[in-house]
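Asks: Here is how the chains run, residue by residue.
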Amino acid sequence: MTTIEKRVHEIKEDLDFFEDELQKYEYIIDLGKKLEELDSQYKVAENIVHGCTSQVWLICERKEDKLFFKGTSDAVIVKGLVYIILKIFSDSTIEELKEADMDIVYELGLSEVITPNRQSGVIGMMKKIKEYALKA
Amino acid sequence: MFKNDFPYFSNSDIVYLDNAATTQKPKEVITSQVEYYEKYCANTHRSSFGDANKATLNYENARKTLQKFINAPTKEQIIFTKGVTESINFIASSYAKKFDKVIISSLEHHSNIVPWHMQGRTLGEGLEVVSCNDNLDFDFVEYEDILKQNPNSFVSITHISNAFGKIHDIKAIIKLAHKYKSVVMIDGAQSLAHMNIDVQDLDVDFFAISAHKTFGPTGVGAIYVKESLLKELEPYQTGGATIHEVDFLSSTMLDSPYKFEAGTQNIAGVIGFAKALEYLEKVGYEAIMKQEHELYEYLTDQLSKLPNIIFYNDTEDSIGSKSFNFKNIIHDDIGILLDKMKIALRVGHHCAQPIMKQLNIKGTIRVSIAFYNTKEDIDKLITALKKALDMLR
Chain B
1 MTTIEKRVHE
11 IKEDLDFFED
21 ELQKYEYIID
31 LGKKLEELDS
41 QYKVAENIVH
51 GCTSQVWLIC
61 ERKEDKLFFK
71 GTSDAVIVKG
81 LVYIILKIFS
91 DSTIEELKEA
101 DMDIVYELGL
111 SEVITPNRQS
121 GVIGMMKKIK
131 EYALKA
Chain D
1 MFKNDFPYFS
11 NSDIVYLDNA
21 ATTQKPKEVI
31 TSQVEYYEKY
41 CANTHRSSFG
51 DANKATLNYE
61 NARKTLQKFI
71 NAPTKEQIIF
81 TKGVTESINF
91 IASSYAKKFD
101 KVIISSLEHH
111 SNIVPWHMQG
121 RTLGEGLEVV
131 SCNDNLDFDF
141 VEYEDILKQN
151 PNSFVSITHI
161 SNAFGKIHDI
171 KAIIKLAHKY
181 KSVVMIDGAQ
191 SLAHMNIDVQ
201 DLDVDFFAIS
211 AHKTFGPTGV
221 GAIYVKESLL
231 KELEPYQTGG
241 ATIHEVDFLS
251 STMLDSPYKF
261 EAGTQNIAGV
271 IGFAKALEYL
281 EKVGYEAIMK
291 QEHELYEYLT
301 DQLSKLPNII
311 FYNDTEDSIG
321 SKSFNFKNII
331 HDDIGILLDK
341 MKIALRVGHH
351 CAQPIMKQLN
361 IKGTIRVSIA
371 FYNTKEDIDK
381 LITALKKALD
391 MLR
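Order-wise, the sequence lines are chains B and D.
9 is the number that full-length UniProt numbering gives to position 9 of the first sequence; each next residue is one higher, with no gaps.
126 is the number that full-length UniProt numbering gives to position 126 of the second sequence; each next residue is one higher, with no gaps.
Treat the hints as calculated values from the structure; they're not laboratory data.
The list that follows gives simulated cross-link-like pairs (lysine-lysine, DSS-like), each with its CA atoms no further than 30 Å apart:
#, chain 1, residue 1, chain 2, residue 2
1, B, 34, D, 327
2, B, 43, D, 327
3, D, 357, B, 70
4, D, 387, B, 87
5, D, 342, B, 12
6, B, 34, D, 342
7, D, 386, D, 3
8, D, 340, B, 6
9, B, 24, D, 380
10, D, 340, B, 24
11, D, 386, B, 24
12, B, 12, D, 340
13, D, 357, B, 127
14, D, 386, B, 33
15, D, 357, B, 43
16, D, 387, D, 340
17, D, 340, B, 70
18, D, 340, B, 127
19, D, 171, D, 231
20, D, 340, B, 33
21, D, 380, B, 33
22, B, 70, D, 327
23, D, 342, B, 33
24, D, 342, B, 24
25, D, 175, D, 75
26, D, 148, D, 101
27, D, 387, B, 12
28, D, 305, B, 24
29, B, 33, D, 327
30, B, 87, D, 340
31, B, 34, D, 387
32, B, 12, D, 386
33, D, 340, B, 34
34, B, 24, D, 327
35, B, 24, D, 387
36, B, 34, D, 386
37, D, 305, B, 33
38, D, 387, B, 33
Let the hints inform the model, and build the full structure from the sequences given.
Replies: Rendered as structure tokens:
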């Protein structure tokens with residue numbers, strides 16, 4: 001199991017703990033509150049993820065062979081989802097990110113919010129993460 | 001209880017409040033489509049065996065049903081399309097392209113903006129935009145000014161705003177356009193589900209219709225064309241079923257509507273649309289409007305009690321949709337939580353970004369009702385909204 005797969009598995013275990021969907025979203029909202037604040041200098045047009053109804057900003061830093069991502073959103077729930085996505089993909093090697101099947105996030109069972117919908121910011125985020133890896 | 005007529009509601013426990021996006025379909029609409037595919041599936045206007053004749057007959061009867069429904073003088077003035085977007089694109093490219101100026105309003109959705117951009121028209125360069133104020137009222141003074149300066153223009157205006165439910169006074173819009181020798185197309189995507197349309201009374205030149213927003217199948221629509229303009233209309237796509245005679249030197253076209261309906265149409269869809277119209281006739285607009293008016297008032301009343309709610313237009317002159325936001329809350333968050341509570345509505349810009357930009361918002365929460373909705377639906381919505389607001393604050 002790759003590191004990314006392991007992380008998805010761990011998050012899935014946490015989410016599966018909630019039988020009640022609303023409680024699950026309360027938990028996601030709380031995760032959003034844990035998200036490290038993104039410095040306002042990064043909240044610029046070039047860091048906005050394309051295809052979002054709410055705004056998502058994403059930045060990438062390279063340290064040796066690894067990529068680190070930071071991001072945030074102006075929407076509360078999306079912020080929680082950003083937290084989850086960053087937890088999964090940040091601090092991964094470029095090689096692993098290049099190889100990663102981004103569809104793995106569907107295993108989280110958040111299909112209502114992480115959907116192949118054109119408007120989905122989370123899907124846009126993952127596309128951008130992949131792009132960073134492929135260009136790195 | 002109109003919901004009993006719609007199988008969706010017995011199969012789903014969702015509170016469906018996204019009727020401006022698409023409506024649910026009554027039983028007879030669904031049955032008619034299954035019947036076509038199961039019992040007489042054949043192409044129209046080409047073959048002459050029994051099933052093909054039946055398919056053709058039902059398809060052409062659907063045209064007559066729509067003709068009578070909107071009081072069009074002849075059935076030749078009804079051209080089936082795949083929806084309002086295709087209707088607008090069709091008229092834009094086959095007729096309106098010859099006009100120096102196209103006039104739209106600032107409340108239009110993208111289907112009535114992008115086709116004009118594709119023609120190379122942009123604000124002030126072939127495209128004029130009549131402002132709507134922050135209460136979304138159409139500015140008739142500005143409109144007349146634009147018409148005065150640009151007589152002989154093409155006017156393309158929405159009847160009811162999909163994003164806000166605001167009704168434009170299209171009769172006055174059409175009358176004023178005609179005074180300045182302009183031609184008018186009305187985007188009726190949101191109208192037919194809520195109110196009676198009489199194209200002769202309106203004296204409209206083109207009227208775009210959506211089936212799926214009017215309790216019919218998706219992928220079907222129509223454009224009504226005033227008889228005097230039919231001759232000037234060119235097909236924007238051609239091919240099978242549109243021609244009289246073809247050799248390698250030339251083709252001669254059939255008369256309207258056939259020359260405008262190239263290829264095999266959505267036969268089941270068109271037949272289903274007629275069934276939707278027959279159903280609407282059975283219920284009657286009087287009953288529909290009464291039920292919707294009561295619901296809309298109730299919805300507005302109940303929403304008004306929620307803290308920090310922001311509305312964008314008056315309830316008067318509005319129908320179907322109610323659009324709002326809550327101070328310091330992003331509409332997306334509400335949409336996600338309401339979905340978890342089994343409330344289906346739409347959040348976002350509703351394909352009307354220019355008016356959102358004017359109002360300096362990214363989007364709204366939109367509740368759009370149909371006559372089959374109930375006060376109980378609204379109560380469930382309000383309970384869910386309260387819960388969502390609690391969670392987000």
